[in-house]
Amino acid sequence: MDPNQAKIWQQACDIFLQLADLPTAEALAQVAAMDDLDAAVKASVINLIQAEEQDGGYLEDRLMSDTQQAIRNRYQAGDRLNEYELLEPLGEGGMSQVFKAKRLGEDVQKWVAIKVLSPQGKEADELLHQFVKEQEILAGLSHPNIVDMLHGGQTENHDVFLVMELIEEAMPITAHCQQQGGTVRERMRLILQCAQALSYSHANLIIHRDLKPDNILIDRNEVLKIVDFGIAKLIDQKIQANKTTILALTPNYASPEQINAQAVSVTTDVFSLAVVALELLVGQPPLPRDRLLKSCAHDELAVDQHLKALRVDGDLKNILRTALQNEPERRYPSMYAFAEDLQHWLDNKPVNASPQSFGYRLKKYAIRKPAVVTAVVAGVLLLCSALSVTLYKNQQIQAEAQKAAVVKQFMLDAFENTNPDVNQGATVTANDLLQAAALRLQADRRMDQAIKFDLLQSMGIAFGKLGLYQQAIDHLQQSLQLQPNEPRSMAHLLQFLYDSQNFDRLEGWLQRPDIFAHDSLSDLAKMYRVKSRFLARQMQYDQALLAADQALQLPFTNNQGIEYVLSQKLLAEIHFFQSNPQQSVAILTRLLADSAMDHNQRLFFEIRKDLSEYHLELGAYEDAMAVLEQLLIDQRRVLGDDHPDLLETLRVSSATLKDLGLIDQAMEKSTQAHAISLKHFGADSIQTGYVLNNLATIAYAQRDLDRSEALLAEAVAIFEAKLPPNYSDTLELKSNHAAVLKVQKKFTEALAVTKQVLESQRISLGPYHDQTLYTQKLYAEILAKIKHTEAAFAEIESTVALAREHLPAFHPMTSEILYAQGVIYQEAAVYPQAKLAFHHSIDNEKTESPVVRKAAARLALVNIELGDFVAAQEHILRALRLGQAMLGEAHPITVRYHIILLEILLQSKPHDFALMQTHMDALAQLMQAQDYAAELVDQQQQVIDQIKALPRTP
Numbered sequence: 017m018d019p020n021q022a023k024i025w026q027q028a029c030d031i032f033l034q035l036a037d038l039p040t041a042e043a044l045a046q047v048a049a050m051d052d053l054d055a056a057v058k059a060s061v062i063n064l065i066q067a068e069e070q071d072g073g074y075l076e077d078r079l080m081s082d083t084q085q086a087i088r089n090r091y092q093a094g095d096r097l098n099e100y101e102l103l104e105p106l107g108e109g110g111m112s113q114v115f116k117a118k119r120l121g122e123d124v125q126k127w128v129a130i131k132v133l134s135p136q137g138k139e140a141d142e143l144l145h146q147f148v149k150e151q152e153i154l155a156g157l158s159h160p161n162i163v164d165m166l167h168g169g170q171t172e173n174h175d176v177f178l179v180m181e182l183i184e185e186a187m188p189i190t191a192h193c194q195q196q197g198g199t200v201r202e203r204m205r206l207i208l209q210c211a212q213a214l215s216y217s218h219a220n221l222i223i224h225r226d227l228k229p230d231n232i233l234i235d236r237n238e239v240l241k242i243v244d245f246g247i248a249k250l251i252d253q254k255i256q257a258n259k260t261t262i263l264a265l266t267p268n269y270a271s272p273e274q275i276n277a278q279a280v281s282v283t284t285d286v287f288s289l290a291v292v293a294l295e296l297l298v299g300q301p302p303l304p305r306d307r308l309l310k311s312c313a314h315d316e317l318a319v320d321q322h323l324k325a326l327r328v329d330g331d332l333k334n335i336l337r338t339a340l341q342n343e344p345e346r347r348y349p350s351m352y353a354f355a356e357d358l359q360h361w362l363d364n365k366p367v368n369a370s371p372q373s374f375g376y377r378l379k380k381y382a383i384r385k386p387a388v389v390t391a392v393v394a395g396v397l398l399l400c401s402a403l404s405v406t407l408y409k410n411q412q413i414q415a416e417a418q419k420a421a422v423v424k425q426f427m428l429d430a431f432e433n434t435n436p437d438v439n440q441g442a443t444v445t446a447n448d449l450l451q452a453a454a455l456r457l458q459a460d461r462r463m464d465q466a467i468k469f470d471l472l473q474s475m476g477i478a479f480g481k482l483g484l485y486q487q488a489i490d491h492l493q494q495s496l497q498l499q500p501n502e503p504r505s506m507a508h509l510l511q512f513l514y515d516s517q518n519f520d521r522l523e524g525w526l527q528r529p530d531i532f533a534h535d536s537l538s539d540l541a542k543m544y545r546v547k548s549r550f551l552a553r554q555m556q557y558d559q560a561l562l563a564a565d566q567a568l569q570l571p572f573t574n575n576q577g578i579e580y581v582l583s584q585k586l587l588a589e590i591h592f593f594q595s596n597p598q599q600s601v602a603i604l605t606r607l608l609a610d611s612a613m614d615h616n617q618r619l620f621f622e623i624r625k626d627l628s629e630y631h632l633e634l635g636a637y638e639d640a641m642a643v644l645e646q647l648l649i650d651q652r653r654v655l656g657d658d659h660p661d662l663l664e665t666l667r668v669s670s671a672t673l674k675d676l677g678l679i680d681q682a683m684e685k686s687t688q689a690h691a692i693s694l695k696h697f698g699a700d701s702i703q704t705g706y707v708l709n710n711l712a713t714i715a716y717a718q719r720d721l722d723r724s725e726a727l728l729a730e731a732v733a734i735f736e737a738k739l740p741p742n743y744s745d746t747l748e749l750k751s752n753h754a755a756v757l758k759v760q761k762k763f764t765e766a767l768a769v770t771k772q773v774l775e776s777q778r779i780s781l782g783p784y785h786d787q788t789l790y791t792q793k794l795y796a797e798i799l800a801k802i803k804h805t806e807a808a809f810a811e812i813e814s815t816v817a818l819a820r821e822h823l824p825a826f827h828p829m830t831s832e833i834l835y836a837q838g839v840i841y842q843e844a845a846v847y848p849q850a851k852l853a854f855h856h857s858i859d860n861e862k863t864e865s866p867v868v869r870k871a872a873a874r875l876a877l878v879n880i881e882l883g884d885f886v887a888a889q890e891h892i893l894r895a896l897r898l899g900q901a902m903l904g905e906a907h908p909i910t911v912r913y914h915i916i917l918l919e920i921l922l923q924s925k926p927h928d929f930a931l932m933q934t935h936m937d938a939l940a941q942l943m944q945a946q947d948y949a950a951e952l953v954d955q956q957q958q959v960i961d962q963i964k965a966l967p968r969t970p
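The sequence shown maps to residues 17 to 970 in this note's numbering.
These are calculated hints, taken from the structure and not from any lab test. A couple of the hints might just be wrong.
Estimated spans, in silico, between C-beta atoms of each pair [what the hints assert, rightly or not]: (1) Leu966 with Ala938: 17 to 23 Å; (2) Asp954 with Asp884: 46 to 52 Å; (3) Val846 with Asp657: 50 to 56 Å; (4) Leu966 with Asp720: 38 to 44 Å.
Glycine included, every Cβ here is placed at the ideal spot set by N, Cα and C.
Start from the sequences and build out the full structure, keeping to the hints where you can.
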């Protein structure tokens with residue numbers, strides 16, 4: 017570089033650094049006011065300031081550029097370019113070509129690479145002028161990992177070119193790593209080389225702006241070289257002028273600020289290099305392909321999903337997560353800082369991207385200096401133990417003895433209720449004892465605060481496990497007043513706030529800045545799981561999965577221990593919430609097969625119960641019952657015949673048997689559950705309320721509608737008395753109650769209940785929650801029953817629209833709502849719309865579920881009305897097959913499908929007498945073996961008589 021030009025650039029750089037933090041307009045104004053500044057220096061400063069602002073422009077403009085096509089085939093191998101001969105093409109860009117070349121007239125020489133820039137259009141002269149200046153800057157760079165620029169020139173046709181070192185047998189970094197394999201550490205060493213080279217270029221005021229694997233090359237000697245410096249800045253200046261020309265970034269690797277047309281800085285290169293690093297680990301471009309069109313909205317989610325799947329240590333994940341933040345201010349502030357953390361990671365030193373606790377830093381030091389740490393720790397432990405063991409043990413024994421005496425007396429006083437003179441022969445439950453202990457604790461104002469804390473915490477947890485959530489929450493909050501932010505109390509408080517569906521208060525706790533600032537890993541994992549469940553319930557599934565991953569990433573000693581099992585159980589729940597029970601079944605099946613832990617413990621009992629419910633969601637009733645039957649056997653063997661844990665298993669078993677049409681067995685299981693609930697929790701407990709709901713559904717299946725309504729009314733009263741106003745399960749019970757009232761044709765009462773529930777759910781749960789949509793569906797069905805047809809149509813169409821827009825794809829509630837829409841249209845004799853709705857209901861299901869069975873049967877009836885007996889036969893055969901598989905051959909619904917099929921065959925011509933005879937024989941055998949309702953028997957007899965009366969042609 018000319019010495020005078022170098023002096024100009026040095027002055028320009030000094031002034032630019034003083035103005036770099038100012039907004040562009042203010043910086044330019046200050047430069048304009050520098051009247052005594054040399055014109056060449058001023059122009060250079062202005063170039064640097066303008067280069068700091070990027071404008072991504074519009075994809076359409078970039079792709080429509082006239083300059084993008086003009087360069088193609090402008091030069092070919094064999095052409096001369098001033099003193100160089102072009103030997104073979106190496107690549108082609110928007111306005112440039114790259115050739116392998118040699119210098120003419122030189123016998124001994126190294127071949128070079130020449131990049132030719134051929135700008136077109138009205139701004140070509142300005143672009144060439146700026147490019148020449150850019151060459152002068154780039155020529156000053158000298159780094160072993162940056163391609164050497166030898167010199168630049170200009171042809172008679174005003175094409176400018178750069179002469180650079182030729183990278184022999186160049187291979188992009190991704191292709192090199194795929195070919196060579198290599199460990200994670202070896203790949204990150206390559207990224208570190210890039211970061212160090214870019215840190216050098218940033219120090220020289222050069223931002224690359226187009227980092228991607230194709231611009232990070234490895235030669236045949238495995239030397240890394242970064243290429244294409246400065247060109248992106250030049251092109252961006254042209255875009256900045258009039259928003260034309262070409263794409264100045266690579267969408268798969270560009271930073272969000274480039275894509276969103278915002279100012280860039282050194283952190284832009286940090287982001288792009290981190291994308292390349294992540295690609296080396298995952299084997300594919302990690303960011304969404306549509307990020308250019310969606311303004312990078314899903315970048316962080318994609319990054320988190322990839323990092324979650326990677327089997328690398330947490331520090332490296334934290335480094336990449338920091339470098340890949342969407343907001344530049346949340347990334348590393350410089351490429352030097354990024355390189356420093358990578359170097360620290362490779363050296364097993366603490367990294368700035370990870371929390372800097374003392375234990376963390378000590379652990380890192382121990383990895384680097386194991387012998388030193390072992391010796392020091394051994395010496396310290398020996399000294400400490402020699403000085404303190406005797407004193408500590410004496411103090412501990414005295415303290416524990418005193419504490420035990422106080423707690424013993426406290427509990428003895430509380431257990432006074434077991435005295436026959438007090439309870440007068442009544443059975444004393446765990447609930448009674450806890451309530452008595454709570455009153456005793458409240459009255460004792462002289463108790464030691466540490467002992468009081470332990471009692472409050474223990475009793476709070478005990479209340480919660482009995483389902484007495486409000487008392488649990490009260491006691492745990494009192495314990496936290498004595499020891500704020502104590503992790504065990506905090507974790508259980510969050511759990512019971514979730515269990516009681518006190519979501520507003522739970523959300524407030526989760527938003528506290530110090531909520532996850534704990535060292536107790538098991539309590540921290542519980543908090544993350546509660547957060548995950550809460551987010552999943554709010555249908556924020558991506559965030560829920562992130563919270564679940566945070567629990568999984570905690571450094572437990574046993575990666576297959578209880579915390580791992582709990583987190584896998586949680587993942588299955590989230591997939592279930594996302595209407596993906598197949599994945600839930602796969603997760604739990606694999607967990608049960610792989611875990612070496614004892615499956616005859618309460619946690620695994622709960623997992624097996626969950627597995628049965630996921631089978632039920634898929635319509636796999638036999639699989640569900642197989643799990644439940646073995647689970648009941650194991651629970652009774654381990655826990656006894658009336659343990660409270662049997663309640664939920666009996667409830668699910670009862671519901672499954674009901675769906676299978678085994679009503680007597682369902683009633684037996686539900687009655688057993690009711691007896692257990694009364695014994696342990698009492699007649700007015702929440703647990704008993706759930707069992708009453710179960711009994712009500714069985715009574716409904718028995719067509720004992722009066723009993724069903726009475727049981728539901730009793731359950732609702734319990735929930736309203738025990739739980740906060742507008743508790744979601746209370747509202748759900750009220751919806752069930754309204755559904756029974758509808759079947760009883762008590763439409764006025766049903767409509768009033770449904771309207772009140774719907775208004776409450778829209779406020780407490782939101783208008784898009786699946787429970788809210790169920791109630792809105794029910795409201796439309798009741799309107800249809802009272803012949804408010806237009807209002808029913810409008811309500812069900814609104815419900816369908818909300819479900820399709822806000823529920824996940826294939827959500828079962830969407831299928832139920834579409835099915836209800838079909839029924840409403842069918843009963844109003846609007847058969848084409850009914851047919852369409854039933855088809856949509858079936859299409860929304862991933863597998864052949866109960867909804868598919870019901871919709872297929874309805875489609876058969878609709879097609880009969882439309883005169884399409886071929887389609888009617890096709891659909892009823894499908895419903896019949898599903899009824900046989902799901903409900904059994906002898907189920908009344910399956911029998912009803914046989915009868916409908918015979919009715920269709922009766923009306924279809926020509927008559928298929930062989931098929932008629934097959935199904936008449938099947939029906940005759942079923943009728944002989946089972947006692948069916950008189951109505952069903954009459955229907956069967958009528959259709960058979962009509963078939964027998966048909967004339968047979970020879």
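A quick look at each hint next to the structure:
| no. | hint | verdict |
| --- | --- | --- |
| 1 | Leu966 with Ala938: 17 to 23 Å | holds, 19 Å |
| 2 | Asp954 with Asp884: 46 to 52 Å | violated, 27 Å |
| 3 | Val846 with Asp657: 50 to 56 Å | holds, 54 Å |
| 4 | Leu966 with Asp720: 38 to 44 Å | holds, 40 Å |
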